[in-house]
Amino acid sequence: MGKYIIGRIVQIIITFFIVISIIFLMFRVMPSDPSSFLLTPSMTAEAKQTIRKQFGLDEPIAVQYVIYLKNFIHGDFGNSFYSGRPVMSIIMEKMLNTIFLSTTAVILSYLIGIFIGKAIAWKRGSKAEKFFVILGLWFYTTFTPWLGIMFLWIFAFKLKWFPLGGMITPEKWIFDPSLFEKICDLGHHLILPLITYVVLWFGSYLLLMRNSMLETLKEDYILTARAKGLKEKVIKNRHAARNAMLPIVTAFAISISFSIAGAVLIETIFSWPGIGRTIVEATLRQDYPLVQGAFAVITMVVLLANFAADIAYSYLDPRITY
Amino acid sequence: METLNYTLDKTEKKSLIRQIWDLAGRSTFIKLGVFIMLIFGGMAVLSPIWIQINPAIYDPIIGVDLSVNGSVGPSFKHPLGTDDIGKDLFSQLLRGSQVAFILGIMVSLISTTLGTTIGLFAGYYGKISDTLLMRLADIILTVPILPLLIVISGIFGTQSNWIILLILSFTFWPVTARVIRAQTLSLRERPFIESAKVSGISNTRIIVKHLAPNVLPIAFYYLTVTVTGAILVEAGLSFLGFGDPSNMSWGMMLQWCFVKGYVFKAPYWMIPPGLCISLLSFSFYLIGVGLEEIVNPRLKKR
Amino acid sequence: MKLRQFICIAMIFAFSMLCTILGHIPQAQAYQGLILPSGEKMAPMELLTLTPGADPTLNQEAVFIAEWWKKIGIPVTAKAMEKGALVKKIFWARDYDATIWYLGGERFPSYMQYYFSEAEIYEYGWNFMQYKNPKYDKLSSDWLTLLDRTKAQQSAFNLQKIIADENPQIPLISDTQLTAYNNTRWKNWINQYGGPQSFDSICAIDPVGGDTAKDILKIGILKEPDILNPLGTGFSDTWTIINNIYNGGMWNQPTALYRIAPGSGELIPFLADGELKYDNAANTAIVKLKKGIKWHDGTKLTAADIKFTIDLIKEFKVPNYKDCVDIIDKIEALDDYTLKYHLTKKNVNFYNKTMMMIILQKQKWSVIAKEAKAKEDPTKYISQYQIKNPMGAGPFKFADWKKGSYILLEKNSDWFFKDYTMPIGTGGTLKFDLKVDKILFKFYASSELRTLALKNGDIDVCSIPIASMDDFKADKKMTIVEWGNDWTDFIGFNCSKAPFNDPAFRKAVHYLIDKDFFVEKLQQGYAVPQHSVIPAVNQFWSDPKCPTYGAGWSMKKRIKKAVKILKKAGYTWESEN
Amino acid sequence: MDSVLEIKNLQMSYDTSEGPVSALDNVSFTIMAGEAMGLVGESGCGKTSLGMCIMKLLPGNAKITHGEIFFNGEDIVPKTEDEMRKIRWKGISMIFQAAMNALNPVYKVGDQIIEAIMAHDTIKKKEAKEKVSDLYKLVGIDPKRMENYPHEYSGGMRQRAIIAMALACDPKFIIADEPTTALDVIVQDEIIDEIKIIQKKLNMIMMYISHDISVIAETCDKIGVMYAGNLIEYANTLALFDNPLHPYTIALMSSFPSIEGLKTKLNPVPGEPPNLLNPPKGCRFYPRCSYTREICKNERPEFVEIETDHFLACHRGISWK
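Residue numbers (the working numbering), protein chains in the order written: chain E, 4 to 325; chain D, 62 to 363; chain G, 62 to 638; chain Y, 121 to 441.
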């Protein structure tokens with residue numbers, strides 16, 4: 004186990020190093036100039052040069068790369084070109100919002116997907132199965148922003164049940180509300196993006212669970228369980244679902260990390276101040292350090308989630324010993 | 062996925078494609094998928110014909126109906142209405158169908174071919190080539206696709222569908238490659254490969270003649286599923302403003318609707334492209350799921 | 062049977078591919094294959110523009126202009142690029158034929174000098190069009206030293222005439238900015254420079270109804286500022302906020318010691334007390350400060366603060382304000398309320414920029430400056446310094462910033478200019494009532510959501526897209542304010558490259574551009590066609606008599622005229638009919 | 121002696137996409153108390169399906185179309201799933217074929233047996249545990265191994281554990297479905313002996329399913345021979361070995377080396393079993409039979425008692441009578 008973990012950590016570090024190096028190189032060869040976004044009329048040529056120098060863009064690429072790596076090891080992602088704030092503090096602030104939304108969404112869609120997936124696999128061949136599979140497929144392949152807009156249109160604009168995006172109602176927060184009110188307000192804003200997320204994602208878990216469950220139901224120990232005269236519920240939950248969950252656990256950890264990356268579209272639609280939106284905005288502003296930092300953090304999250312999934316798997320499946 | 066045990070006996074008379082077609086005929090999913098796909102195929106074909114009716118008005122890029130003021134709803138002349146400068150939305154939708162088809166199918170063809178080849182070679186030869194290729198696949202799989210594409214698009218400074226096509230192809234292959242490799246690993250130990258090896262057939266020939274036909278059904282499955290991914294990712298990119306501005310894809314239509322401020326005002330502009338994106342990717346995925354149930358015997362009814 | 066289906070689908074794909082190619086075949090034009098006077102066939106060129114996401118209007122303009130130019134056989138395609146890439150291509154690499162860009166935003170249009178002077182042709186210089194005209198250079202540098210307003214105006218008109226005749230660039234349109242506000246909550250919005258969200262408007266509005274103290278003015282903005290440091294930021298949305306804290310202070314809200322009246326271009330004293338006294342012989346200026354102006358913490362704003370600000374910017378070479386301080390040799394505080402500027406050269410920038418420059422509090426910033434000096438890169442440190450609690454002398458104090466959601470400003474009850482009347486524009490006056498208790502800036506990810514929020518009453522005021530005009534016009538609760546943008550789009554040519562080095566060619570293609578089409582179709586009437594480099598909204602400096610190049614003409618007439626000009630200049634075509 | 125299990129004219133078929141597959145047809149036999157019955161036949165002849173029919177553990181697309189299964193005098197065919205659950209394991213239990221997969225890999229083996237006991241008897245977990253520990257001793261495993269997971273067991277131990285599990289609820293009737301196929305010969309012998317001893321000791325009836333007639337001959341009192349879904353011959357072990365009547369039985373016997381080691385020529389049965397999607401109209405063995413007559417082609421032979429306790433389904437046999 005120890006050896007395996009060390010091996011995996013080394014692997015993670017190498018992968019991470021390669022990814023950030025590629026990202027670094029990509030930005031250096033790009034045909035655009037970040038200082039373009041700080042140009043104001045009436046800026047002298049000298050001033051423009053000063054700005055370029057400020058960002059260290061006048062150094063040769065190799066030197067920039069060494070400095071970049073050195074800073075990286077010290078946990079310093081540099082400062083944003085756009086705002087000058089340390090990248091790390093921006094990312095942490097945004098990441099928290101993203102994790103709050105995506106993780107809740109993934110857990111919810113996971114639970115719903117698994118529950119339905121389990122049920123329809125048990126009722127193999129029924130109309131309900133076909134219906135849910137097609138429904139799950141449909142939402143799984145629905146274009147995210149479009150669905151988000153439709154939901155906003157119906158539930159926020161027409162029915163006015165939910166706010167039109169954002170994370171909080173500023174008016175309420177200005178007058179120092181109680182913690183309960185704060186939570187209610189946050190929850191109110193969370194519901195619509197959350198529903199969109201869940202509707203979009205439960206399908207993938209549903210299909211995964213169904214397939215995994217169907218495979219498990221073909222196993223001999225299910226027959227044993229039935230022969231033992233166990234109750235249907237016990238067979239379904241204790242024997243079939245427990246084993247069918249094994250591959251889904253891996254999927255869960257990975258999808259948490261990917262939901263963070265995939266938050267780009269939902270966050271844009273719902274004005275959610277998260278990391279996805281930050282990446283889009285930072286890319287449009289050519290804010291290298293911020294994009295690099297955000298990308299590095301996301302990659303790290305993905306890698307760690309994969310790692311966690313492997314560890315979790317080994318705990319859930321007694322057959323696996325590293 | 063390592064449980065995909067679909068190996069075909071060499072002695073079977075029907076060709077592989079023929080078999081899949083025979084089975085496909087019985088799958089509701091595949092039938093529904095093909096039906097939807099044919100509708101969009103028809104739209105793609107209709108596109109140039111529609112433009113030829115009156116190129117000055119119906120060209121999706123430069124045609125402007127001067128008699129229209131602002132964005133108007135559906136009418137006889139404009140079945141879906143026009144956008145804010147008087148361009149016909151229907152012709153844009155038709156053009157979008159072409160873009161989606163060409164992009165989706167090209168991406169899936171390239172990436173699946175790449176993935177299958179890499180998977181076969183990595184699985185068959187093993188050793189260093191296997192380790193290197195699979196590490197590369199791992200790294201690509203680690204990187205979240207949409208943010209990566211946004212960054213790359215930003216880097217290129219200017220987008221064209223060809224660049225998007227290339228990037229998508231090179232980010233989509235690892236999934237296929239992994240599964241094909243796992244399949245190849247198990248096939249490699251089978252007697253018929255052993256005997257082929259013993260009889261002195263060259264490695265390339267073994268891969269092409271003996272291994273490839275056996276992994277083809279899985280490759281077919283990924284071929285259809287990748288189309289879905291490609292269409293959705295391209296649409297997402299275009300919607301965020303990183304698409305090919307010189308053409309009119311569905312994501313682009315939505316983006317124009319968004320930047321011009323018509324999202325909540327003009328449902329005739331906002332709903333069709335999103336629905337088309339979703340439906341077309343849905344159809345390909347349906348076919349994919351239908352195929353999966355055929356090629357993966359563990360999902361078959363007993 | 063099944064195989065047949067497969068073949069059917071394959072054939073449909075093949076057919077659709079074929080049709081795609083057919084659908085892209087260009088239409089036959091009357092004039093094909095333009096041949097330059099040198100005898101070469103014109104090489105294919107690109108008209109660069111921004112992506113639709115960055116600027117939909119610029120993008121569409123390029124598409125249509127390319128279409129029109131094709132009509133006389135110019136092999137042109139419109140190509141959209143990301144802003145950063147476009148800047149690098151046109152400003153840095155100068156590797157382009159023609160591009161769409163925009164300029165403006167300055168009350169005093171000093172870009173007339175730096176956009177077109179030969180001195181700016183070096184790499185990274187502003188004159189990316191590489192326009193060379195010694196006569197123009199002489200005239201424009203003289204213009205910058207003219208202190209007499211009438212003479213300066215005449216000189217500016219002459220400059221504009223040269224540009225309009227030579228066409229190194231073609232001005233297109235400048236849009237009308239639309240802002241809507243909720244008239245059930247607010248009234249008496251004035252349309253001041255910078256739009257209704259400007260500092261002037263906020264200081265002068267009245268709430269509807271009685272309880273004014275509780276009123277929060279809610280403004281929707283699109284981009285969250287990342288930094289509230291006036292030395293580091295260059296973004297207009299951030300400035301909307303900073304202006305209210307610091308009394309204004311940058312090119313988009315030029316208000317500090319003086320401000321410029323838009324109609325006459327004259328200086329109106331603001332923080333300064335009375336006229337600026339300029340000594341022509343010694344090249345010095347004396348400015349007096351009003352007494353009793355206080356910072357938010359209650360300390361007095363004195364001449365020492367102004368001297369400190371200028372010294373600080375000079376010392377740290379802060380890029381944003383460099384040209385404000387470059388012309389200052391030395392600044393002296395004669396007493397607490399009197400300043401003496403020693404200038405290095407005669408330059409109207411002293412009037413138009415230095416006097417409008419931000420003022421920082423010495424007490425607060427001397428600490429930051431001290432910290433900065435110890436750093437490796439002081440300029441970077443000071444311009445990226447995170448100010449948690451920005452403090453100025455403006456009408457509003459910084460109160461709260463919830464990252465990702467809002468910024469809250471509170472009224473500064475001790476503001477010096479409260480109930481202050483000041484002349485604006487050509488004759489009118491503006492009363493700074495300051496009845497707003499708090500300003501809440503809410504951030505939205507898209508203008509769609511912001512517009513809906515305005516409709517729903519979540520915010521009181523924001524810019525609205527043209528698409529929503531009809532809705533808002535019909536809505537009795539909303540009042541729309543239109544104000545002309547002081548920016549204009551233009552096509553810049555690479556004047557160092559054939560055929561755009563030929564003024565006749567540039568003139569001919571100018572005739573092909575139907576600016577009215579852009580106004581009517583792209584902007585649905587909410588724009589004005591521009592004929593001069595300086596947008597017409599800048600009344601004092603803009604020349605109303607610039608040639609219009611066929612306003613109101615049909616495309617047929619335009620083509621005829623363009624062909625005539627080109628034929629005269631020796632251009633021919635491979636085929637014409 | 122009472123009959124514990126009596127099957128009459130059992131017919132079962134699978135619905136497949138190509139049409140119904142007649143997996144069992146015309147199966148009738150009786151097992152008396154204390155008896156061990158062996159079921160032999162080629163793979164795919166319906167032995168396991170028969171076992172599953174008795175447990176009523178058929179997959180969704182399988183259906184008993186005709187016939188009765190009397191267990192302890194009650195017909196279990198019309199019983200509901202809920203009623204069946206009570207009979208399973210307590211009345212009829214089963215030793216599964218693939219020991220590798222018959223145990224759930226994520227639970228401890230002991231717990232899986234306890235689970236079976238707890239499902240039927242209302243006893244405390246502690247008592248159940250003690251019972252399992254006794255069972256472990258009975259089948260010859262160290263009771264400490266209860267706390268291990270299936271993958272930590274060796275193949276033989278796993279099979280023993282499965283036997284222990286089958287015995288957990290003191291069943292009246294055990295179906296042993298090829299319990300030793302996956303094991304090596306020595307372990308196989310041990311297990312078979314074990315089963316034999318336990319069966320006699322606990323005085324259960326047993327149905328031993330195997331394709332290996334020698335194993336069955338060793339273990340069972342009676343032998344049933346199946347071919348293509350039909351029970352074709354059923355008799356006492358000795359009677360059958362002395363006097364095999366059905367041509368298939370004869371062929372089957374000669375295709376196995378004799379236990380006594382007499383060197384006889386092995387005669388494999390030529391041809392392949394029929395496609396049950398479309399079985400031959402007459403005798404299902406007809407295409408491979410070397411004693412065919414016209415009647416075999418068109419008429420299905422009845423399953424009749426030819427001698428005392430010797431049943432046969434063959435026109436040849438009937439005509440002899």
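Honestly, the hints are just simulated from the structure, not real lab data.
Treat the hints loosely; a few may be bogus.
[What the hints assert, rightly or not] Derived DSBU-like pairs (lysine-lysine); straight-line CA-CA distance at most 30 Å:
1. E:K73 to G:K132
2. D:K188 to D:K138
3. G:K434 to D:K138
[As the list claims (entries may be wrong)] Quick look at which bits of chain E chain Y covers, simulated, 3 or more residues with Cβ under 8 Å:
4. 137-151
5. 178-184
6. 215-226
7. 242-253
Fair warning: this is a prediction, and the values are worked out from it, not measured in the lab.
We put the beta carbon where it would ideally sit given N, CA and C, even for glycine.
Verification of the hints:
1. Distance check on the hinted pair: K73 (chain E) and K132 (chain G) sit about 57 Å apart at the alpha-carbon level, beyond 30 Å; violated.
2. Using a Cα cut-off of 30 Å, the hinted pair K188 (chain D) and K138 (chain D) is violated, with the two alpha carbons roughly 64 Å apart.
3. The suggested pairing of K434 (chain G) with K138 (chain D) is violated, with an alpha-carbon distance near 70 Å, which exceeds 30 Å.
4. For the stretch 137-151 of chain E, the proposed coverage by chain Y is not satisfied: 0 residues have a C-beta within less than 8 Å of a C-beta in that chain, short of the threshold of three.
5. Proximity of the stretch 178-184 of chain E to chain Y, defined as three or more residues with a beta carbon under 8 Å from a beta carbon of that chain, is not established by the 0 residues found.
6. Given as covered by chain Y, the stretch 215-226 of chain E passes the check, having 4 residues with a CB less than 8 Å from a CB of that chain where 3 are the minimum.
7. For the stretch 242-253 of chain E, the stated coverage by chain Y is satisfied: 4 residues place a CB nearer than 8 Å to a CB of that chain, which reaches the threshold of 3.
Hints 1, 2, 3, 4, 5, counting from the list given before, are not met by this structure.
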